[in-house]
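Q: Based on the hints, put chains H, S and B in the right spot on chain R.
Residue numbers (this note's numbering), protein chains in the order written: chain R, 1 to 348; chain H, 349 to 696; chain S, 697 to 1044; chain B, 1045 to 1392.
For the record, the hints were derived by calculation from the structure and aren't laboratory data. Check each hint, because a few of them may be wrong.
Unchecked claim - Calculated lysine to any residue pairs in the SDA-like style (CA-CA distance at most 25 Å, straight line):
no. : chain 1 : residue 1 : chain 2 : residue 2
1   : B       : Lys1047   : H       : Asp686
2   : S       : Lys738    : R       : Gly281
3   : R       : Lys42     : B       : Tyr1250
4 protein chains.
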Amino acid sequence: MHKTRVGIIGATGYVGVELVRGLSVHPNVELTCLVSRSFSGKAFSDIYPAYKGICDTILSDCSPSEMASLCDVVITALPHGVSSQVVPVLLDAGVKVIDHSGDFRYRNAATYEFSYGLSHPCPDLLAEAVYGIPELYREELTTARLTANPGCYPTCSILALAPLLRHGLIKTDGIIIDAISAISGAGRKADLPYSFCEACDSLKPYAVLNHRHTTEIEQECSLAAGKDIHVTFTPHLAPMKRGMLATIYADPIGECTSEELRALYQKEYSGDTFVRILPGGTLPDTANVIGSNYIDIAVEFDRRTGKIKLFSALDNLGKGAALQAIQALNVMQGYPEDIALRNLSRGI
Amino acid sequence: MHKTRVGIIGATGYVGVELVRGLSVHPNVELTCLVSRSFSGKAFSDIYPAYKGICDTILSDCSPSEMASLCDVVITALPHGVSSQVVPVLLDAGVKVIDHSGDFRYRNAATYEFSYGLSHPCPDLLAEAVYGIPELYREELTTARLTANPGCYPTCSILALAPLLRHGLIKTDGIIIDAISAISGAGRKADLPYSFCEACDSLKPYAVLNHRHTTEIEQECSLAAGKDIHVTFTPHLAPMKRGMLATIYADPIGECTSEELRALYQKEYSGDTFVRILPGGTLPDTANVIGSNYIDIAVEFDRRTGKIKLFSALDNLGKGAALQAIQALNVMQGYPEDIALRNLSRGI
Amino acid sequence: MHKTRVGIIGATGYVGVELVRGLSVHPNVELTCLVSRSFSGKAFSDIYPAYKGICDTILSDCSPSEMASLCDVVITALPHGVSSQVVPVLLDAGVKVIDHSGDFRYRNAATYEFSYGLSHPCPDLLAEAVYGIPELYREELTTARLTANPGCYPTCSILALAPLLRHGLIKTDGIIIDAISAISGAGRKADLPYSFCEACDSLKPYAVLNHRHTTEIEQECSLAAGKDIHVTFTPHLAPMKRGMLATIYADPIGECTSEELRALYQKEYSGDTFVRILPGGTLPDTANVIGSNYIDIAVEFDRRTGKIKLFSALDNLGKGAALQAIQALNVMQGYPEDIALRNLSRGI
Amino acid sequence: MHKTRVGIIGATGYVGVELVRGLSVHPNVELTCLVSRSFSGKAFSDIYPAYKGICDTILSDCSPSEMASLCDVVITALPHGVSSQVVPVLLDAGVKVIDHSGDFRYRNAATYEFSYGLSHPCPDLLAEAVYGIPELYREELTTARLTANPGCYPTCSILALAPLLRHGLIKTDGIIIDAISAISGAGRKADLPYSFCEACDSLKPYAVLNHRHTTEIEQECSLAAGKDIHVTFTPHLAPMKRGMLATIYADPIGECTSEELRALYQKEYSGDTFVRILPGGTLPDTANVIGSNYIDIAVEFDRRTGKIKLFSALDNLGKGAALQAIQALNVMQGYPEDIALRNLSRGI
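Extracted from the complex, chain R is given alone in its bound form (with noise of 0.2 Å):
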């Protein structure tokens, strides 16, 4: 059968080595192509040298259009405001593109130009572009050209939020998202805060007022629920190098039981492999998904105070990132939705 040639421009940050670790066991994918600016004439084993004997493939500086010529898809692991001047080029060139950055999430320009600071280059593609969360976006992504890879917040959220949204059993005002990442997060970057010493017994709220996850969150959130939705977003960061979870608070509409709504999310997400609806006096844990394309997900009504707390954790560069792209990438290409993803679970 043709595979699938896949290039990633981006290749030696953290995402780009999650692809790498994904697609490198993917039977329908060929890697044609590693592009690292920084990198470029090095092997991607001498960056990260666990993967001697398993990609020694030279990274390259290969420009949109060599790319064209190699790839059926490219996925792009690059900073904001970057990917918007490339991604044109490249759908332009005839390839597939998955973006990770923010540039292709939003439906509406101005949001974005109001949550990034930046004037969007080519807001056309806006409306093309489909969000790559394929629990949600399933038969969009069969026929897309260009996939906006979701933040891991926002995937995190919404995917804990879309069945009561959806049903309209919970009030669209008030909802809080409290949640935390481990520092992979940040990023493959060399900034001090991100040391080992600084980092390993810091436990923090940053960004707290103005994370730009937060309208991307709220996009996704206000589809789901036909209007506009504002949420209070909080995140955290802990000393952990993989993992993210949110712990999340709404105002059901009438009555409710932790069984009810738990029998909701089972039914909402019965087709979908990768979120796991955890049974009743169990609660999401990262360890049970670090590596992993799993999210899962718990839901509890608290009968005290009448607020239902939702919870859901995922690896931030698995569902959260590089794994989902991958995913995405089997539904865009009409491949079973979880091969190659299933197994990569870390064990301990």
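A: Below, chains H, S and B without anything else, positioned relative to chain R:
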């Protein structure tokens, strides 16, 4: 000057060793008696070899009445249900007591019985016991015979919420406390979930509907507000040895700004050495409080959603337990409140 | 093609879960039977929730004879002294066995009895058992009925030392092996010294005069050298979940250079996928082998002192245990030696 | 009593903050001047927010001569090559100096120049400088004007080896020092290899042929032995914030037992508060020395192989740097050697 003779019951748990750490440098305290049922006859430094040469005291199995002849103050670090057996004997023998369990923290025996599932053997002592947060009960502590040292989550939550509640600036329903503890909060024990390999990648919520500290938080919040309050409280566990962080959400009554709120907090805590109200643009970080008796608090008003966000960080064994007990002892004995406590910070 | 039906006894320990991780992606293996005495009746994924949806097999308490009807190969991850009771029954019932204990690693029952303080119930099997390092016993493994999977320290030490010993390039007395293991080497258990709070700041030597792996290392070094060898071995524990590092000192016979030594190692291991001889100027790092079946080795000659320094790193649960067992299984069953094993590396 | 006025140059590095931690509780010291070129004008507690309320001193860019008017003693925590520019000016201005760099640790300028690749601008000061291990040079320190505070690896190695060398109990060739440092040894900086995500699973050797501390260890070992010694030294890095462990191998001259060796060590260090010789059956553990000025040492004779094994643990920033500097200061100023240093241990 006559030193205060202090004894510790439960000296080999994590609260015990932190008490020894703090009291070892206290110029007005003589540690006269370390009781440990499990390790009686051994030296304290056999259990904690870091203390060889610092505290080689032989652990004893003294009875309460024997302790009374050796001690002016006894600090008990015992499980709930056990403290309530031991403390009355100590008081009857004429010593002052600072207790770390939940047994004397409640004004109302019924709330204790609901929270801990035990009937209280000496409910009359509840009226006398002083809740040991000096910032709230300094006056009462000066004459206290029995101090109930608060839980770590309650200390972290109440000090953050009290100014707003006292001044009637927030709605009393809908308060949400989302808090994260380090693993030492579970105590010194050999449980599989707290083993290094199981815990080191694990970030998770627990006891999300019924943590015992909920009612303790509610009691003190209600007293501050002058009316009954229920709060939504969700504890989490992060892979760290020490530290605690709370992120709290509340709805303001009337208009407010971050600056006004910050000014209020600075004023409210202007006389409290160990409460540090952070300047605008900075947020609490467990790295800054580990090993110390400080609690760092920040307050922000989120204009977009109309929520007040409070952030507080402390060391669960420090201001959240043993060091706050020493602070209470200082007040009870008429010493400068900060004596022996200012310089315990860890550096890095 | 007929798949190999594999069963695991001791499936819920850390070696067990790593076997499940590796065998779950093995195209030629069907996992037919997971035995756990402690958790019989529960799903494997109840014990390791990361495996929900990946391996929900019900754990059984199958007898060895029942296993024989379900399995072509049984992998035992049992304590020493227990394996020697179970393995003979399995062999008699006609299945091949790969055993993880120390029970079948010795050629000489007396050495086993000295090392483990037990008399051996079936010393005749020692002659038949193949020591399961494929790089050393590939030929023997192709026809093995019983494979004794080596210890982690021995694998890490022997693969580093074998080329020098085999070629008579170092003195056989005075060899020093200084090695460091991650905590998972102690197994899945709730011992206080392995609890997060006790272990997370603890770097320490242990069993410095009599670790059992010493005699195992000596046996294989002696076979490589063609004469009896004693080595000085010192194990240490570091605050990590997985990984092992050995630093080895030996005295060369005659002159040598780092380059010549490196060339020798490259030649000796040129046919061995999972042994990576590092180029000059680079050294092993556990970060590069965790999660994989690779062992990274570097060799340097220290001109100043005339010592050869060897460095080797592996994953104590990977090449040091479960994944090496799968490598042996591949050889025993005539499969490509690297099948299912090349792409288990963790990325970051 | 007149307090010693102390200044620190390089106050915001990890050695600097540890000096501030220790000196803040010193009853005989007044910290008069904190110099930081990078952060001049900011408060010390802006850089280390843990010190808000404890040390809010404004960092200055004082010249050496200005410092001389403010300080009796200046402690320099500067890079090598910089110290040798600054220290002579300070001495000329009449202050005593304790220097943390390698610039004044060598008796012989040629060894310095070989080790650091720099020519020494003031080799005459080498004769005057006292090597700052009080257990070895207590007498000399009482009159020292310039103290060269030793490296962390040298302190850890020399204190372990000195008794055997001094008494001629081991062969002087063939000594092997295998040591492991925590990451803070690399200093406060933003290098990628020391970032949390790169370092947290990384255990590795480094600089295995030419670490600068080798010659420093050799100098002091040679002085103890009364003859020239070369040692084999291998440093490693472990994923911890603080701590250091050395495992040392030597060949005895004549017969010996572990008990005799232990008795010798106990006698040799009987007057040294901060050297703890561990009883038989116990071994050093970094967890027991972190945060303190203690070094824990154990000695064993391995009957099987005829090797002596020495084990020593200290805190690389404590006894390995800043706290040892305070110990030296105590001796230089005629204070009790342990003042301000006994109670810095961390508890857990």
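Q: Take a quick look at whether S:Lys738 and R:Gly281 sit within 25 Å of each other, Cα to Cα.
A: holds, 16 Å
Q: Regarding the pair B:Lys1047 and H:Asp686, is the alpha-carbon distance no greater than 25 Å?
A: holds, 22 Å
Q: Would you check the hint for R:Lys42 and B:Tyr1250, treating anything up to 25 Å between C-alpha atoms as holding?
A: Holds, because 23 Å separates the two Cα atoms, which is no more than 25 Å.
In summary, this structure violates none of the numbered hints.
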